[in-house]
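Number of protein chains: 2
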Amino acid sequence: MAVTIELHKTVTASNDADAQALREELAHRGILLVNLMSSPGSGKTTLLSRTITDLPETSIAVLEADIDSDVDAQRIEALGAKALQLHTDGMCHVDAGMTAQGMAALGKAGCDIVFLENVGNLICPAEFDTGAHKNVMLLSVPEGDDKPLKYPLMFQKSDALVITKMDALSYFNFDLEAAKRRAMHLNPDIRIFCVSARTGEGMDAWEEWLLSCMN
Amino acid sequence: MAVTIELHKTVTASNDADAQALREELAHRGILLVNLMSSPGSGKTTLLSRTITDLPETSIAVLEADIDSDVDAQRIEALGAKALQLHTDGMCHVDAGMTAQGMAALGKAGCDIVFLENVGNLICPAEFDTGAHKNVMLLSVPEGDDKPLKYPLMFQKSDALVITKMDALSYFNFDLEAAKRRAMHLNPDIRIFCVSARTGEGMDAWEEWLLSCMN
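Protein sequence lines, in the order shown, are assigned to chains A and B.
If you're matching positions, the first sequence starts at 224 in this note's numbering and goes up one per residue.
If you're matching positions, the second sequence starts at 224 in this note's numbering and goes up one per residue.
If we strip away everything but chain A, and leave its shape as in the complex, we get (with noise of 0.2 Å):
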């Protein structure tokens, strides 16, 4: 059993100013905080999950929103990594109120990454500035390279695009050039990163990156 914060709904009138005073707080303290954000399903804990044992260094937490459940906030923890779950109270997504009462939760120690593994949902999530330093969201091959068409502003929104699940490429009938190129006419600055969880295939190349984004 993981332990688990039951969030309490926050005043959104002010989430913007909030969300920069948290930023700035957790850059004080050399904390990077990523928000990751994709549809139910699409691997954000899978990708996590590898990337705690590909990076055994870098000191890295896991606040896992959901609205219930704790196997991720688990799946986490059988790692060895600190992991919080925190339930929504049925909310489609996390804002910068939320966010602090799960950084609150963490409590003082140090650690260099914090992941906001937000609720699976391709919309919400986007509308709303959670404090993140970087905000990335994952693509599963699975899920179809017509994606960015229909869900404009998260693509928007997000420094870095995950397309993930790539060891099942051949088998689905995903259009790589297409949703890169659907991606970057969207958002000309997107990172892109190509990965497959389960074979370790571009891996490096996203660690990389997010190594660098501590800087």
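Check the hints yourself; a few may be wrong.
No copy is singled out in the list; a pair is fine if it fits within one copy or between any two copies.
[Said to hold, decoys possible] Computed cross-link-like contacts, EDC-like style, restricted to lysine to aspartate or glutamate with a CA-CA straight-line distance of at most 20 Å:
| hint | residue 1 | residue 2 |
| --- | --- | --- |
| 1 | K403 | D291 |
| 2 | K380 | D312 |
| 3 | K357 | D412 |
| 4 | K380 | D291 |
| 5 | K305 | E229 |
| 6 | K357 | D239 |
Simulated from the structure, these hints should not be mistaken for laboratory data.
Using the hints, position chain B against chain A.
Here is chain B on its own, set in the frame of chain A:
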């Protein structure tokens, strides 16, 4: 270019009453309205395409709700079926008033079944009665068998669960019996169909159930 309707936001205070009124009106006109919900990329349009092809005697129309693009309506129209693209003005779900706008745009031409393909989202659509006679959710094999644990409301609100992309079962670490057991724990009355729209596996049972709902 498919015909696209820009939906207006509706007053949600009366949503339940609006939904009931729409449901009764459509029943009176002999139209079965089916609300299809799932994560992005679970295969809603592919399931519909195969269903339309398999049931040439049944007159089927589709309301395709998305934040942007008309790619799904174009896919349905290419099969010769009637399709309208609904744009939700950024909204993460469809409610009864929006569905009524779509039905009005379809016009008075008779059809046996209208599918409302809801916005790809495993959370918010479950909270709004659209006026449908049946709520159907999809869970694709690549998403994982833990989804009932994380998104319980969607499973509770659905009359049927269609587990899609069954042809990929051997490739992914998906425990079919665990997924079924978790869904039935939340909703003992839920009907479960396991299909692959690619190979046709299981489509007959799904289509038989659908036709039985018309009576």
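Next on the checklist: As a check of your reading, is K357 near D412 (CA-CA no more than 20 Å) within one copy, between copies, both or neither?
Outcome noted: Only inside one copy: K357 and D412 sit 13 Å apart there, 43 Å across copies, limit 20 Å.
Checklist entry - How do K403 and D291 come out at 20 Å by Cα distance, when the copy is not named: within, between, both, or neither? => result Only across copies: K403 and D291 sit 18 Å apart there, 33 Å inside one copy, limit 20 Å.
Next on the checklist: As a check of your reading, is K380 near D291 (CA-CA no more than 20 Å) within one copy, between copies, both or neither?
Outcome noted: Answer is between: at 16 Å across copies they meet the 20 Å cutoff, but 26 Å inside does not.
Item to check | K305 and E229: within-copy, between-copy, both or neither at 20 Å Cα | outcome: Intra 18 Å, inter 46 Å, cutoff 20 Å: intra-copy only.
Checklist entry - Can you tell me if K380 and D312 fall within 20 Å by alpha carbon in one copy, between copies, both or neither? => result Result: close only across copies, 18 Å inter versus 25 Å intra.
Checklist entry - For the identical chains here, do K357 and D239 meet the 20 Å Cα criterion within one copy, between copies, both, or neither? => result For K357 and D239, the Cα distance is within 20 Å only inside one copy (15 Å; across copies 40 Å).
In this structure, none of the earlier numbered hints is contradicted; all agree with it.
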